[in-house]
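Work the whole structure out from these sequences, hints included.
Whatever position you read off the sequence shown (first residue = 1), add 172 for this note's numbering.
Everything labelled a hint here was simulated from the structure, so no lab data went into it.
Be aware that one or more of the hints could be misleading.
What the hints assert, rightly or not - Here are the computed lysine-lysine pairs in the DSSO-like style, where the Cα-Cα straight-line distance is at most 27 angstroms:
id, residue 1, residue 2
1, K378, K185
2, K323, K378
3, K506, K185
4, K462, K526
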Amino acid sequence: MAEFTMELNDEQKEVRDWIHGFAADVMRPAAAEWDEREETPWPVIQEAAKIGLYSLDFYAQQFFDPTGLGIPMAMEELFWGDAGIGLSIVGTGLAAVGVLANGTEEQIGTWVPQMYGDVHDVKVAAFCSSEPDAGSDVAAMRTRAVYDEAKDEWVLNGTKTWATNGGIANVHVVVAVVDPEAGSKGHASFIVPPNTPGLSQGQKFKKHGIRASHTAEVVLENVRIPGHCLLGGKEKLDERLARARENAKKDGERVKNAAMATFEASRPAVGAMAVGTARAAYEEALEYAKTRSQFGRPIIDNQGVAFQLADMRTQIDAARLLVWRASWMAVTGKPFTSAEGSMSKLFASEVAKKVTAQAVQILGGNGFTREYPVERMHRDAAIYTIFEGTSEIQRLVIARTLSGMPIR
173 MAEFTMELND EQKEVRDWIH GFAADVMRPA AAEWDEREET PWPVIQEAAK IGLYSLDFYA
233 QQFFDPTGLG IPMAMEELFW GDAGIGLSIV GTGLAAVGVL ANGTEEQIGT WVPQMYGDVH
293 DVKVAAFCSS EPDAGSDVAA MRTRAVYDEA KDEWVLNGTK TWATNGGIAN VHVVVAVVDP
353 EAGSKGHASF IVPPNTPGLS QGQKFKKHGI RASHTAEVVL ENVRIPGHCL LGGKEKLDER
413 LARARENAKK DGERVKNAAM ATFEASRPAV GAMAVGTARA AYEEALEYAK TRSQFGRPII
473 DNQGVAFQLA DMRTQIDAAR LLVWRASWMA VTGKPFTSAE GSMSKLFASE VAKKVTAQAV
533 QILGGNGFTR EYPVERMHRD AAIYTIFEGT SEIQRLVIAR TLSGMPIR
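Put into structure tokens, the structure is as follows:
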């Protein structure tokens, strides 16, 4: 019987410490500046590229960690450094995963390198799925892709929103409807190459938190792309649509379940991001409580403060364990029979909001100022209960999984 262990191996510890060093030495000193500027931190991304941290190779290595802990470990350390810069570094991975999951070998080899660029000319990529009226409700998606057979081109029209790196990306991956009657099987993903006419940046959002990460609308107006930019190819799409038409209801339900399984597998990574932000705020509050004196003694001597810190640390560790469990289940092929992926994301997200708020409270007036980083961490933490499925959606997924009801 395999030995049970919760200890990282030596290689994992080495990688963790390497990322932590970058987060502490490069990301943290730059965090406040780029939060105020609300701009993509290109110099920091370039530094990450120089050491191999901003690269497909690095994330592939972590993804194939047989324990499943490579990605959550990396996410926690990066987002311990800073959530906004962290998302700027990992945001390209969303688009890369879209190509890796759906593209042919030729498409992967052609487009993924262009997403990252190189150390001398770093690039970013954008994954464009959400729309103004289609966030959690993917069935409401309106962006259309129509095939022009005479020219072997796809014509895309619509507006995407909440796109990380939207409009500034070298490569955009766009999800669009090709057959409205086929349900979720009528959706397909497309590569929009650099400098394609008709693609433009719409509104850039001025956000409450993660302000170093660029978030914007992407507008598609008669965007023409070559036929080979359909991920997976047209033959594969035609086969899928034909099966959907043969048995739309049965097949559609199967696809919904498959899509939900994919979301479940990705959510622990977001949970790990939340753990990183929560841990950072907790550490700031702990150090402040040990050095700040009131009435002649450190404030950590007061039970009101000490008990808060005890709860904060307990909740962070519990969140990490849920994330690690879900990540291990995903890599070992264990089914999420109780929506364990959503559990990890839900709990870690709520912990991040609560812990960062407690950190502000422990620092008092200082915590409310931008002179101390907990104010920024508290703003950043709000996103975790919103993106990659809101907390309400996570609860719905968990409840319906437990009850056996279909997840729509």
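Now the hints, each set against the structure:
{"no.": "1", "hint": "K378 with K185", "in the structure": "violated (37 angstroms)"}
{"no.": "2", "hint": "K323 with K378", "in the structure": "violated (40 angstroms)"}
{"no.": "3", "hint": "K506 with K185", "in the structure": "holds (25 angstroms)"}
{"no.": "4", "hint": "K462 with K526", "in the structure": "holds (21 angstroms)"}
In terms of the numbered hints stated before, the structure departs from hints 1 and 2, listed from lowest to highest.
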